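Chains A and B are the protein sequences, given in the same order.
So that you can map any letter, position 34 of the first sequence is 34 in the numbering used here, and since no number is skipped, the others follow by simple counting.
So that you can map any letter, position 119 of the second sequence is 119 in the numbering used here, and since no number is skipped, the others follow by simple counting.
Quick list of simulated restraints, FRET-style, between CB atoms:
# : chain 1 : residue 1 : chain 2 : residue 2 : range
1 : A       : 14        : B       : 100       : 39 to 49 Å
2 : B       : 483       : A       : 19        : 39 to 49 Å
3 : A       : 41        : B       : 483       : 20 to 30 Å
4 : A       : 19        : B       : 193       : 13 to 23 Å
5 : A       : 19        : B       : 446       : 35 to 45 Å
6 : A       : 4         : B       : 224       : 22 to 32 Å
7 : B       : 615       : A       : 35        : 32 to 42 Å
8 : B       : 216       : A       : 21        : 20 to 30 Å
Read the hints as simulated data drawn from the structure, not as lab findings.
Treat the numbers as computed from the prediction; the structure is a model and nothing was measured.
We put the CB at the ideal spot given by N, CA and C, even for glycine.
Each chain, written out:
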Amino acid sequence: MNIIYLLIGCSVLLALIFLAAFFWAQRSGQHDDLYTPSIRILLDDENEPVNKK
Amino acid sequence: MAETHTLVNTLCYHCGDECQTTAYQKDDRQFCCQGCQSVYTILSGAGMCSYYHYNDHPGTTRTRVDKRFDYLSNPEVMAELLDYADERQQAITLYIPHIHCSSCLWLLEQLNRFNPGIHYSRVDFLKKQLIVRYDAGKFTLQQLVELLNDIGYEPLISLQDIIKKQNKASKGNLVQKIAVAGFCFGNVMLLSFPEYFGLSAFEQSFKYFFGWLNVLFSLPVVFYSGRGYFVSAWYNLKNKVLNIDFPLALGIAVLFLRTVVEVATNSGAGFADTLCGLVFFLLVGKFVQQKTYHHISFERDYRSFFPVAVQVIAEGREKALPLSAIQTGHRIVIRHNEIIPADAILLKGEALIDFSFVTGEAVPVNKTLGEIIYAGGRQTGEAIELEVVKAVSQSYLTQLWNNEVFTRKQDNRMKTFSDRVSKYFTIVLIAVAMISLAAWLPFDYRRGIDAFTAVLIVACPCALALSTPFTMAAALSIFDRNLFYLKNTAVVEQLARIDTLVMDKTGTITTGSKSIELNGTLGPKHRRLIYSACANSIHPLSRMICQYFGYPEKGNVTDYCEIAGEGIRATVDGHRLLVGSSKLIFGQSQGEHLTTRVHLMIDGQYLGYFGFNHQYREGLKQVAELADSYTLYLLSGDQDQERGELLAYFLDNEHLFFAQSPQQKLDRIETLQQQGRQVMMLGDGLNDSGALMQSELGVAVTDDVNNFSPGSDAILDGRSFAKIPAFLRFSKDAVNIIHCSFLISLTYNLVGLSYAVSGNLSPLVAAVLMPLSTATIISFTTLATHFMAKRRNLL
Numbered sequence: 001m002n003i004i005y006l007l008i009g010c011s012v013l014l015a016l017i018f019l020a021a022f023f024w025a026q027r028s029g030q031h032d033d034l035y036t037p038s039i040r041i042l043l044d045d046e047n048e049p050v051n052k053k
Numbered sequence: 001m002a003e004t005h006t007l008v009n010t011l012c013y014h015c016g017d018e019c020q021t022t023a024y025q026k027d028d029r030q031f032c033c034q035g036c037q038s039v040y041t042i043l044s045g046a047g048m049c050s051y052y053h054y055n056d057h058p059g060t061t062r063t064r065v066d067k068r069f070d071y072l073s074n075p076e077v078m079a080e081l082l083d084y085a086d087e088r089q090q091a092i093t094l095y096i097p098h099i100h101c102s103s104c105l106w107l108l109e110q111l112n113r114f115n116p117g118i119h120y121s122r123v124d125f126l127k128k129q130l131i132v133r134y135d136a137g138k139f140t141l142q143q144l145v146e147l148l149n150d151i152g153y154e155p156l157i158s159l160q161d162i163i164k165k166q167n168k169a170s171k172g173n174l175v176q177k178i179a180v181a182g183f184c185f186g187n188v189m190l191l192s193f194p195e196y197f198g199l200s201a202f203e204q205s206f207k208y209f210f211g212w213l214n215v216l217f218s219l220p221v222v223f224y225s226g227r228g229y230f231v232s233a234w235y236n237l238k239n240k241v242l243n244i245d246f247p248l249a250l251g252i253a254v255l256f257l258r259t260v261v262e263v264a265t266n267s268g269a270g271f272a273d274t275l276c277g278l279v280f281f282l283l284v285g286k287f288v289q290q291k292t293y294h295h296i297s298f299e300r301d302y303r304s305f306f307p308v309a310v311q312v313i314a315e316g317r318e319k320a321l322p323l324s325a326i327q328t329g330h331r332i333v334i335r336h337n338e339i340i341p342a343d344a345i346l347l348k349g350e351a352l353i354d355f356s357f358v359t360g361e362a363v364p365v366n367k368t369l370g371e372i373i374y375a376g377g378r379q380t381g382e383a384i385e386l387e388v389v390k391a392v393s394q395s396y397l398t399q400l401w402n403n404e405v406f407t408r409k410q411d412n413r414m415k416t417f418s419d420r421v422s423k424y425f426t427i428v429l430i431a432v433a434m435i436s437l438a439a440w441l442p443f444d445y446r447r448g449i450d451a452f453t454a455v456l457i458v459a460c461p462c463a464l465a466l467s468t469p470f471t472m473a474a475a476l477s478i479f480d481r482n483l484f485y486l487k488n489t490a491v492v493e494q495l496a497r498i499d500t501l502v503m504d505k506t507g508t509i510t511t512g513s514k515s516i517e518l519n520g521t522l523g524p525k526h527r528r529l530i531y532s533a534c535a536n537s538i539h540p541l542s543r544m545i546c547q548y549f550g551y552p553e554k555g556n557v558t559d560y561c562e563i564a565g566e567g568i569r570a571t572v573d574g575h576r577l578l579v580g581s582s583k584l585i586f587g588q589s590q591g592e593h594l595t596t597r598v599h600l601m602i603d604g605q606y607l608g609y610f611g612f613n614h615q616y617r618e619g620l621k622q623v624a625e626l627a628d629s630y631t632l633y634l635l636s637g638d639q640d641q642e643r644g645e646l647l648a649y650f651l652d653n654e655h656l657f658f659a660q661s662p663q664q665k666l667d668r669i670e671t672l673q674q675q676g677r678q679v680m681m682l683g684d685g686l687n688d689s690g691a692l693m694q695s696e697l698g699v700a701v702t703d704d705v706n707n708f709s710p711g712s713d714a715i716l717d718g719r720s721f722a723k724i725p726a727f728l729r730f731s732k733d734a735v736n737i738i739h740c741s742f743l744i745s746l747t748y749n750l751v752g753l754s755y756a757v758s759g760n761l762s763p764l765v766a767a768v769l770m771p772l773s774t775a776t777i778i779s780f781t782t783l784a785t786h787f788m789a790k791r792r793n794l795l
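Here chain A stands alone, though its shape is the one from the complex:
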């Protein structure tokens, strides 16, 4: 049963990594604008050549 100590240690470590990942995402501004990207993704990349006159 002493393996529990190790398992809990591992699970907490994993959770801490996720927490750190969340902190990083938050600090780098990924949650600043939650709406615009949802529109942006719907806009197509167009193929029509740029008209150079």
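Take the given structure of chain A and dock chain B to it, following the hints.
Quick look at chain B alone, frame taken from chain A:
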């Protein structure tokens, strides 16, 4: 057979407005104006016609007003506006009110295709902001703004941007605190499971380990996530205020201490799960409250209406100077639609000033050379030259704004229900805890201490703290959906307390400006005669009649006499003219009409009248029906021509006030407040801003939410004017829901207290009872709010 030709596409391809003319066509497409056509030309020239594929008519119609962006080359102005600048790169965030659809987003993010000097452009859709980085060597700020203007997205650059305070840090890192609390909450729950279901004898060694792990996890919860509650409670205590943060901080502290003591003495499991859950839910509630962020800035003040820079004539040349540099004696040029930034004397040109900002009177006023024009007027004619007589800071508008109302701290008038209740709550809570301690102490001191801490734990007002934010957030989103934007959640409670409605007239209960309509037929000669007479008058109605005739040649006017409130009596080229009210012409006042009328009589012959229509907002009738339960007042800057019609909506003459200056409006509100009334002011222009501030609840009524004026508590879109009664009723419902949820949480607390007072509160009971009460409160408030909104037809 002749083919009938119908114009198929009569909607402008760019903006969707109806095309009045076929003059503007390109590539078989119709445009309503030169502006829209040129935007299309620019876009098609750059191969960017996909703009039109994402939506039909995505553009906005182009105002063809000559605006100058020269001031953007001024280094001082630039330095204030730019977010970042070095020799090569510059970055700026611009506010663009016209952003409204995905086409806008697409176009604005493709700016580099117009000019390779632009490196990067990004749109924040909800905030209507555009962030642009560009090569400072190839491109300038002025070019950028002109480009945006050309494609129909003129940024709104106001003085407000220039003197913006750097108050970004206030937002805090609430999300991170929630993340930490949530992380610890989850882990503690997991580690507490064995405790809930019991550990067998040979697993008892884990108990110690789990206990200390729980303590470890509650450390960041208390000292990082929950820190705000201690700080707030401490400051409030120092200011001798008992608000809800005090019992919360007390609860958190007791939970933590008891957990540490129980784990350290190996006497129990402690309440680490309850502690983490409590802090987590509290922070979520706080977050919901903060999420009531709108895309409208409520913090604008009068400066956002003043221009950033003014054209100054020095040594025969025009030069843009920042507003702060304007001094007495400067000669300034004001063009069409520009606001006069400082009191000034008219030197050159014909001034036709719209003072609706200052006086509320919507009809432009003529000014003669040498007259002083007060700041805040908007020139509506040609360009004029003025000499500044007072610096910007001393002028009329600034004075109005410096009234003490504006400097007063705003927050203290919004006392919410939970603020008031929590004071008594805290006192009762501590009393109960003390009594149970005192009752147990003679028999069993351990039990006494257990009971004392248990009371503080169980009665911790988490439901109390949550019911308000959740109800209010739900209510706010419902108001939002109905185009009624509130500044914050406290406004809802304020709204429920209102018993007096004061309304401004122009722009608030009427829409737009008046239209003029001629009833009767006039020959060219009569037109000239009437024009000649009216041209002498500065009365707003006369000005409108003159405009209607389009300024023909003037005749010879003799015996001119203007009778205040009645009209004009004059002789023009030998003809006797009477222009004015029915009293002047028929000798008696006629019955009430829906229009203001100016009757015309030449040489004793009645020729008809001019009708001035002002459309009352749809729904004024419904609002007027509020008179049973609310007192309604009208407070207008205009003259009382419409008194008769308005009496149909308001109780009697006592409730109608005309020709009020901004200061009088403010005073009038103050008088009402001294009579113990809770006043809601509905207004629009800057002239109401004093009254809006002074009232308990200032509502700005506007047709364009991006263009509203003063720092009000709420913004109402004109289209939702008819819903005001529903809003008022719904706000009362919301407050009732809060009261109900207080009752529910009180019930939970009483059940919990009966355990606590007996000193028998087990961690399991606490762990079940506290989240359960939280969940009940959250679901009750959300469901009840939506139910009530449906009942009031707001959903």
